[in-house]
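**Student:** Which chain is which? The protein sequence lines are R, D and U, in order.
The opening residue of the first sequence carries number 87 in my numbering; numbering runs sequentially from there.
The opening residue of the second sequence carries number 16 in my numbering; numbering runs sequentially from there.
The opening residue of the third sequence carries number 19 in my numbering; numbering runs sequentially from there.
Don't read these hints as lab results, they were simulated from the structure.
Do not rely on the hints blindly, as some may be mistaken.
Some residues of chain R that are not near chain D, with every Cβ distance over 12 angstroms (derived) [stated by the list, open to error]:
| no. | residue |
| --- | --- |
| 1 | GLY102 |
| 2 | ARG141 |
| 3 | PRO185 |
| 4 | LEU294 |
| 5 | VAL309 |
| 6 | MET338 |
One side of the interface only, derived from the structure: several residues of chain U facing chain R at Cβ under 7 angstroms [said to hold, decoys possible]:
| no. | residue |
| --- | --- |
| 7 | LEU114 |
| 8 | ARG242 |
| 9 | GLY267 |
The beta-carbon is built from N, C-alpha and C at its ideal position, and this holds for glycine as well.
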Amino acid sequence: MAAKSQKITGALITKGIQFSGFSSILFVLLIMFFLFYQGIPALFDVPLGDLFSQRWYPIESLYGIVPLILGSLIVTLGASLIAVPFGVITAIYIAEIAPRWLAEIMKPLVELLAGLPSVVLGFLGILIVSPFLRDVLNLPTGLTAFTGSLLLGGIAIPTIVSISEDALKNVPVSYRQGSYALGVTQWQTIWSVTVPAARRGILTAIMLGLGRTIGETMTVMMVTGNAPVMPASFMALFMPIRTMTATIASEMGEVAGGSPHYHVLFFIGLILFLFTLAVNIVVSRISTQQLKRSERILS
Amino acid sequence: MTLGVDDEKGKLNGIEGTKLKQFLYNSSVMIKRKTIRILLPLYMGVICLTGCQNLMANNPGHAANSGTRVYMEDKGSDTMVNLALYWAERYQELNPEVSISVTGGGTGTGIAALISKSASIANASRKIEAEEVALANLNGIEPHELVVARDAIAVIINRQNPINQLTLQQLSDIYSGKIENWSQIGGENRPIVKLSRETNSGTHVYFLESVIRLGNPNDKTIFSADTLLLPSSEGIITEVRDNPNAIGYDGLGYVTEDVKTLAISEDSGKPFFLPNVETVKQNLYPIARDLYMYTNGEPTGELLNYLDWILSFEGQQIVQELGFVPVNK
Amino acid sequence: MTDKIIVENFSLTYSDGTESLFDVDIHIPGNKITALIGPAGGGKSTFLRIFNRLNDLADVREVRGNVLIDDVDILDPELDVIALRRKIGIVFSRPLPLPLTIYQNVSYGLEIAGERNKNKLNAGVEHALQMAELWEEVKGRLFDSAYSLSGGQQQRLCLARTLALEPEIILLDEPTSALDPVATAKIESSLSELKNQYTIIIAPHNTQQAGRIADYVAFFLQGRMIEFSSVENIFTRPVDERTQDYISGKFG
């Protein structure tokens, strides 16, 4: 009798877990369906030439999304220029060089940074970073793509540091010992053994960190000025720009359902979705590359 | 940093305390707005797909009939959100059985909420548009208009900037990108950084039509692309306070002592006026507008009582306290 | 018999208090194979790592005593540890090549040591692989990943990479524990060849291995060196009762 009820409980639990698993897939598919359903009509509402023109001013039905796409890309690019070297080097320092007590303080602190609400970062940006950049770089205004990049770098760094550090820590100690035993210095070991051995984890960290920045909304909305200017050169990094996320966030509330503006906003969401999808595909390709037999046994 | 902290400390008492409150309030509204705007359509989509009723709908008529508690949702213009909040608070003190929930989000958002029946009052800093009326009628809503206050749009610059006055034409040229340096209008040799509210703000639309296009409905001039579109009034005030290159505009009620308010004239040769209650009442200050509340059809019951109270002496006194201009009944 | 290595009154404590050494005295002869035997946790690995100062990387609380190699005090904080490590190679228990090609694994140490000449590098790599008895098996695929080798081949590659630096002393920490008997035999035969040129200290992975290849044996128990003698003495006429018990398998 007891065995039978146990069997039933087991079956119920299995079903429950199955349901949870499938439901998350279902939700993702529903969201995707909804994005396509609401976004694709933009291609029919707005002539393609207008959609990919250079002026965004929806009040006058100017739906050029090119400056928004470039705006998002330039902020992300700037963030990666800051976050990748800084994050990887910090991870190396924590994993390889810092004394243990310092590493034990630093890592949780860096991870705490990840929990900082982006609106708080935005305030810091408006009150401190933006005036500082305006004065130091002598810019017309401190609300620029670069300000956004700096703060988004701050958002990406904890992810990059945390995952890279784990990857470095997972490099077998014997790699390092083997290298040291050959009379190799610490820096040479880090450069030519430890970092290459952890490269897959570090790449994953970078992609995940940057994936976070491209979808970030609140901070960029507060500090990049939101001016839909076409970035013309590298100097556009130091000019105001408008990102895709900020556009959706600030305009979705007012828009009449079913209007061309509404569909175009969803179309932007779709582009954003495809961007992050691409990032995720790259990450999963890096991290699930078939491990070689010996690496599987030994790691 | 210390500068900012000192400023906030200075505001902690008296009427300045409300500025801080409003600052904090608006930032929380901003967060909420963000998530709601992104999630709501998806959430609604899921709900519709699963065949549920629209739970967001909220009919004040029902609430009024059900007896003791009366519930009203008041939503819209960010310019008016403080005013609406003060009215609601005071009115609830006087009438404990009434509860009024006030949210911002912009005029467009408020009207959209009225149309989708999720708000019983829409605050608007511009007149409802023909398209919106059509959409409302389609949903069985008859928007009813009431002017509840008047507002002047103050044009503000940094205190260091020597400019004191501008004509409407000069303002139009600045915002459309024809004038790009302060030296072109007699100021220092500095680039002009133009600040504006986002396009969902009634203030933005009003400024576009009345200032940039100088009231000409056939004019198709728009904001130049490098105009910074900031998500909140505080963002504009902060940037103007700190940046000597900046020019911005905002509702008179939001302008603080930290920035310089410009005197405006309708045309060169005509007199310049600073915005204040007197110049707005006498129609001397050229950038002033009516603020509206829209309801579904002629208001009745508790809703009518509330709107009547807003237009009463007590309601209009609050208007004046908050830096807006009362309407004479 | 010349004493290559002299250890006097040596004590070592880890910061968490585990696996320490107490008052170890030992004179290790050159050009012989000396085996360190004893139960796990007795301090053999720690002792091995003294000589190339790999313990520097671990959390060591305190070190006392003297360790002299060719009459040079290697515990001197001023000592050039990098140079010391080039002189004293080590092979670990698990065959872990660096994540590089077969060739690079052997040439890596030489290149870091400053060797740039291609011909000398090639010659050095070939010589080292031959001494480790691996050359014949890999000469056709030197630029494959080191992980394409079998476990036994990888271990001989690690030996080769150590030999490439032409050290004076080779330390082996249970070098055959992860290998099958055939691979083990190959390693053992290499070692017997090598002892003519090198001083070898090995922590064998069982007592029998010590009997097969060692000239001298030191018995370690709970951080103390109990007995040091020639392999015949230890296995046939141990002085200490505990050595007797360990050899005869009463504990282990």
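**Student:** All the hints need checking, so say for each whether the structure fits it.
**Tutor:** Hints and how they fare:
| no. | hint | result |
| --- | --- | --- |
| 1 | GLY102 | holds (20 angstroms) |
| 2 | ARG141 | violated (6 angstroms) |
| 3 | PRO185 | holds (32 angstroms) |
| 4 | LEU294 | holds (21 angstroms) |
| 5 | VAL309 | violated (9 angstroms) |
| 6 | MET338 | violated (4 angstroms) |
| 7 | LEU114 | holds (4 angstroms) |
| 8 | ARG242 | violated (25 angstroms) |
| 9 | GLY267 | violated (31 angstroms) |
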